[in-house]
Amino acid sequence: MWLCVIFLLIFINVFFALAETSLNESHKSRLERLLDDGNEDAAKALKLLEHPERANAVIQLGITFVSILIGVSTSVILAPMVKPYIYLVPYADELSLGLSILIVTYLTLMLSEFLPTRIAMQKPEETLIHCEKTLSKLIFVTKPVVSLLANSVRLLLAMLGLNLKIDDTVTEDEVKDLIEQATEDGTFEKKEQSLVDRVFHMSDQTAYSLMTPRTQMMWIDLEDTLEQNLAIIRATSEAIIPVGKESLDDFCGVIYIKDIFNAALDNKPLDLSQFIRKPMFIPRSMESFRVLEQFQETGIHEAAVLDEYGGVIGFITLQDILLELIGDTNNINEPEPVQITARDDNSWNIEGLCSIDDFKEKFDIDELPDEDQDHYQTMGGFVTALFGYIPKKGESVRWENFVFEIARLDRYRIDKIICTVEDKKQDNDGEEKD
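Take the sequence shown: its position 334, counted from the start at 1, is 334 in UniProt numbering, and no numbers get skipped.
Take the hints with a grain of salt, since some may be wrong.
[Stated by the list, open to error] Capping the alpha-carbon separation at 25 Å, the derived lysine-lysine pairs in DSS-like fashion look like this: (1) LYS47 x LYS191; (2) LYS133 x LYS44; (3) LYS47 x LYS133; (4) LYS392 x LYS416; (5) LYS360 x LYS191; (6) LYS28 x LYS176; (7) LYS123 x LYS143; (8) LYS176 x LYS278; (9) LYS133 x LYS28; (10) LYS360 x LYS416; (11) LYS191 x LYS176; (12) LYS393 x LYS416; (13) LYS133 x LYS123; (14) LYS362 x LYS190; (15) LYS268 x LYS245; (16) LYS133 x LYS143; (17) LYS28 x LYS47; (18) LYS123 x LYS44; (19) LYS258 x LYS245; (20) LYS190 x LYS176; (21) LYS44 x LYS143; (22) LYS137 x LYS44; (23) LYS137 x LYS47; (24) LYS44 x LYS28; (25) LYS176 x LYS362; (26) LYS245 x LYS191; (27) LYS190 x LYS360; (28) LYS123 x LYS47; (29) LYS360 x LYS176; (30) LYS191 x LYS362.
FYI, nobody ran anything at the bench for these hints, they're computed from the structure.
Produce the complete structure using the sequences and hints provided.
Structural data, given as structure tokens:
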């Protein structure tokens, strides 16, 4: 009969183990789905998840109290029952107690820890629904004791100078780790993980980092002849082309190529100034998602990017944002240009317009100096920043174990770089310029 007391206590611990695991593993969205499917008990389980600290406190209190009772029962009930079977009389008390502890520990771990935990993890929401009624009653009954313990803990934390509030905010890195783990487990596909990674990466970008720089913009000059401008329009593959007078310092707006086609098909005279539309103007520091919101709210899908002085420094379109989200979608007739190519020796040819992200990925680099200051987005900009001035062809500069040599310039812009990777054991303290 007394053995039944020990098994009863172990069975009570089974309940607490089921409740604890199901409470920690249940998802609010799944319970809401069960509620939508007609399971009314799911609503009560959802209330437990609103304040899980209360239920967890009761569970910990119950596990501790029952564990103490199991320990006492082992020494008072089970040990005397085992003692007659121990023939080493001088050590009978110690051996019987030790053997009793081993037996109860094994049963407790198997029946009230490992087994219920595995069961609850299979269907946590359903398990929580079954445990909810008993758990809610225990929360009500033990409320004074739990309040006393909670206030005591708060007092001790205050005496130690520790924060009373627990920061349970989920960070971006934690979400990435969860998605990566889910991908490895087969829950997500690689493409889904890649898309989420791109969303997080885009959230850190600004209009300046996504725009087409002014030096790379194809635009038409109203001071040029119609034939010259039409030749530029034929050469572009874009649906929109910026317009200026003599230079982009006098920015007039944009022209939709389809407007010109429609006018040509209708045999109307082509006066390009009549097709000019006013785009949005946004600061270079505007966050990428804010730019997307502006496109959605206004229905205008292109914007001129301004510096702090109000000058046009680039152009950004909805397509630029979509490409950042889904990746490049090269035309089958336009193969993707290779930005980094290996040479015979331990060096690489790098295009000046190569993205710093591509460079970091290629050479497994975590971060470049002052990268977070948004001073550059391309390797040409990075190398120029290392020099501190506009370099000449043949000049070189060192950063860590990388040596960058200027191979070609396009006026004042670095067009091609020769990058040599030296052994890290060599002396590479600071930046050296030849």
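Cross-check of the supplied hints:
Under the criterion of a C-alpha separation no larger than 25 Å, the hint pairing LYS47 with LYS191 is inconsistent with the structure, at around 36 Å. Using a Cα cut-off of 25 Å, the hinted pair LYS133 and LYS44 holds, with the two alpha carbons roughly 8 Å apart. Distance hint between LYS47 and LYS133 is fulfilled; the C-alpha atoms sit about 12 Å from each other, no more than 25 Å. The suggested pairing of LYS392 with LYS416 holds, with an alpha-carbon distance near 12 Å, which does not exceed 25 Å.
In summary, the hint linking LYS360 to LYS191 is supported, as the alpha carbons are separated by about 21 Å, within the 25 Å threshold. Restraint check for LYS28 and LYS176: the C-alpha separation of about 20 Å stays at or below 25 Å, so the hint holds. A hinted pair counts as satisfied when its Cα atoms are at most 25 Å apart, and LYS123 with LYS143 does not qualify at roughly 28 Å. A distance of roughly 40 Å separates the Cα atoms of LYS176 and LYS278; the hinted pair therefore is violated under the 25 Å criterion.
For the hint pairing LYS133 with LYS28, the CA-to-CA distance comes to about 18 Å; that is within 25 Å, so the pair holds. Proposed proximity of LYS360 and LYS416 is supported: the alpha carbons are some 17 Å apart, at most 25 Å. The suggested pairing of LYS191 with LYS176 holds, with an alpha-carbon distance near 14 Å, which does not exceed 25 Å. Restraint check for LYS393 and LYS416: satisfied, since their Cα atoms lie roughly 10 Å apart, inside the 25 Å limit.
In summary, the hint linking LYS133 to LYS123 is supported, as the alpha carbons are separated by about 17 Å, within the 25 Å threshold. Of the supplied pair hints, the one linking LYS362 and LYS190 holds, its CA atoms being roughly 20 Å apart against a limit of 25 Å. A C-alpha spacing of about 24 Å is found between LYS268 and LYS245, which places the hinted pair at or below 25 Å, so the restraint holds. Proposed proximity of LYS133 and LYS143 is supported: the alpha carbons are some 16 Å apart, at most 25 Å.
Distance check on the hinted pair: LYS28 and LYS47 sit about 10 Å apart at the alpha-carbon level, within 25 Å; holds. Distance restraint check for LYS123 and LYS44: the Cα-Cα separation of roughly 17 Å lies within the 25 Å cut-off, and the hinted pair is therefore satisfied. Taking the CA atoms of LYS258 and LYS245, the gap is near 22 Å; set against the 25 Å cutoff, the hint holds. At most 25 Å may separate the alpha-carbon atoms for a hinted pair to count; LYS190 and LYS176 meet this at roughly 13 Å.
A distance of roughly 18 Å separates the Cα atoms of LYS44 and LYS143; the hinted pair therefore holds under the 25 Å criterion. For a cut-off of 25 Å, the pair hint linking LYS137 to LYS44 stands: about 12 Å separates their Cα positions. With a C-alpha separation of about 13 Å, the suggested pair LYS137 and LYS47 falls inside the 25 Å cut-off, and the hint holds. At roughly 12 Å between alpha-carbon atoms, LYS44 and LYS28 fall within 25 Å of each other, so this suggested pair holds.
For the hint pairing LYS176 with LYS362, the CA-to-CA distance comes to about 21 Å; that is within 25 Å, so the pair holds. The straight-line distance between the Cα atoms of LYS245 and LYS191 is roughly 45 Å, outside the 25 Å bound, and the hint therefore fails. Our distance criterion of 25 Å between C-alpha atoms is met by LYS190 and LYS360, whose separation comes to about 21 Å. Between LYS123 and LYS47 the CA atoms are separated by roughly 18 Å; this keeps the pair inside 25 Å, and the hint holds.
In summary, the hint linking LYS360 to LYS176 is supported, as the alpha carbons are separated by about 19 Å, within the 25 Å threshold. Between the alpha carbons of LYS191 and LYS362 the distance comes to roughly 20 Å, so the proposed pair stays at or under 25 Å and holds.
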